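Chemist: One letter stands for each residue in the lines below.
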Amino acid sequence: AQSVTQLGSHVSVSEGALVLLRCNYSSSVPPYLFWYVQYPNQGLQLLLKYTSAATLVKGINGFEAEFKKSETSFHLTKPSAHMSDAAEYFCAVRFSGGYNKLIFGAGTRLAVHP
Amino acid sequence: GAVVSQHPSRVICKSGTSVKIECRSLDFQATTMFWYRQFPKQSLMLMATSNEGSKATYEQGVEKDKFLINHASLTLSTLTVTSAHPEDSSFYICSARVPEQESQYFGPGTRLTVL
Numbered sequence: 031a032q033s034v035t036q037l038g039s040h041v042s043v044s045e046g047a048l049v050l051l052r053c054n055y056s057s058s059v060p061p062y063l064f065w066y067v068q069y070p071n072q073g074l075q076l077l078l079k080y081t082s083a084a085t086l087v088k089g090i091n092g093f094e095a096e097f098k099k100s101e102t103s104f105h106l107t108k109p110s111a112h113m114s115d116a117a118e119y120f121c122a123v124r125f126s127g128g129y130n131k132l133i134f135g136a137g138t139r140l141a142v143h144p
Numbered sequence: 063g064a065v066v067s068q069h070p071s072r073v074i075c076k077s078g079t080s081v082k083i084e085c086r087s088l089d090f091q092a093t094t095m096f097w098y099r100q101f102p103k104q105s106l107m108l109m110a111t112s113n114e115g116s117k118a119t120y121e122q123g124v125e126k127d128k129f130l131i132n133h134a135s136l137t138l139s140t141l142t143v144t145s146a147h148p149e150d151s152s153f154y155i156c157s158a159r160v161p162e163q164e165s166q167y168f169g170p171g172t173r174l175t176v177l
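Chains as they are written, first to last, in our numbering: chain A, 31 to 144; chain B, 63 to 177.
Same shape as in the complex, but just chain A (with noise of 0.2 Å):
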């Protein structure tokens, strides 16, 4: 069964720090994974994703995150904070079952303080 940890409910980063925001995985199969991010009373917006073709991922705003199939970890990081990046974020698994569903892992909220 497909399930997803993320380690840090909170996670807090001065302007222009490194961001680490971690996530592990658990599947039976190789996984596609996923971050979202999610400003306050709005909806999810993909990151990036891993569909397994490169092991490190670029996506939108100067985010990356990096599969490490050995550590079952899709940690998503950011060189340096912006404090627009303040926000809830969402790592996810594709279920390997029918329709393709996402499984969400618990959120980690980032502030970023000046």
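No lab work stands behind these hints: they were computed from the structure.
If you're wondering where the values come from, they're calculated on a predicted model, not measured in any experiment.
Note that CB positions come from ideal geometry on N, CA and C, so glycine has one too.
One should not assume that every hint holds.
In the BS3-like style, the derived pairs of lysine-lysine whose C-alpha atoms are separated by at most 30 Å in a straight line are [stated by the list, open to error]: (1) A:LYS98 to B:LYS103; (2) B:LYS126 to A:LYS131; (3) A:LYS98 to B:LYS82; (4) B:LYS82 to B:LYS117.
Short, incomplete list of chain A residues facing chain B, as computed with Cβ under 7 Å [claimed, not checked]: (5) TYR55; (6) TYR62; (7) THR81; (8) ALA83; (9) LEU132; (10) GLY137.
Which chain B residues face chain A? A few, computed with CB under 10 Å, are given here [to be verified]: (11) MET107; (12) THR111; (13) PRO161.
Position chain B against the provided structure of chain A, taking the given hints into account.
Modeler: Same frame as chain A, now just chain B:
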């Protein structure tokens, strides 16, 4: 890019009334759409998978008679909350699957408040 809209963005209703929420894919055809519910400061909970021209598939614990889903066309799915009660108050989000991209694109959400 793939755009998904939801209407209304916010609705307040009295207990016992029914509320319909629309989810539209604006620039692509979506044979599969998904409906999620999100409680404050929590993750998304999948309620059901909506397939064009067939019955929706509900997740365990979701009342199909309470949350009616209709996917009558390739660009429109509707969620009707029947006989709404205050505990149904939540943020409802839909998404549409873009098969060739292996991705889901999400609508902006609908905030339902039942008084």
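Chemist: Holds or violated: MET107 of chain B as interface residue toward chain A, Cβ cutoff 10 Å?
Modeler: Holds - the Cβ of MET107 of chain B comes within 10 Å of chain A, reaching about 8 Å at its closest.
Chemist: Can we keep the TYR55 of chain A interface hint, with Cβ of chain B closer than 7 Å?
Modeler: Not OK, violated: TYR55 of chain A not within 7 Å of chain B, min 14 Å.
Chemist: For the hint on THR111 of chain B, does the least C-beta distance to chain A fall short of 10 Å?
Modeler: Check passed: Cβ of THR111 of chain B comes within 5 Å of chain A, closer than 10 Å.
Chemist: Are the Cα positions of LYS98 of chain A and LYS82 of chain B separated by 30 Å at most?
Modeler: 43 Å, violated
Chemist: Verify the proposed pairing of LYS126 of chain B with LYS131 of chain A, using a straight-line Cα cut of 30 Å.
Modeler: With a Cα-Cα distance of about 18 Å, the restraint between LYS126 of chain B and LYS131 of chain A holds, given a limit of 30 Å.
Chemist: Double-check LEU132 of chain A for me: the hint is only fine if its C-beta lies closer than 7 Å to a C-beta in chain B.
Modeler: Since the shortest Cβ distance to chain B is 6 Å, the answer is holds.
Chemist: For the restraint on ALA83 of chain A, tell me whether the closest CB of chain B is nearer than 7 Å.
Modeler: Not OK, violated: ALA83 of chain A not within 7 Å of chain B, min 11 Å.
Chemist: For a C-alpha distance cap of 30 Å, please report whether LYS98 of chain A and LYS103 of chain B respect it.
Modeler: 29 Å, holds
Chemist: Please check whether PRO161 of chain B passes as an interface residue: C-beta within 10 Å of a C-beta belonging to chain A.
Modeler: 8 Å, holds
Chemist: Against chain B, is GLY137 of chain A within 7 Å by beta-carbon distance?
Modeler: Holds, because the Cβ-Cβ distance from GLY137 of chain A to chain B comes to roughly 5 Å (cut-off 7 Å).
Chemist: At a threshold of 7 Å, is the proposed contact between THR81 of chain A and chain B supported by beta-carbon distances?
Modeler: Hint holds; THR81 of chain A Cβ to chain B Cβ min 5 Å, cut 7 Å.
Chemist: Are the Cα atoms of LYS82 of chain B and LYS117 of chain B separated by 30 Å or less?
Modeler: Answer holds: LYS82 of chain B to LYS117 of chain B is near 17 Å, not above 30 Å.
Violated hints for the displayed structure, listed by number in ascending order: 3, 5 and 8.
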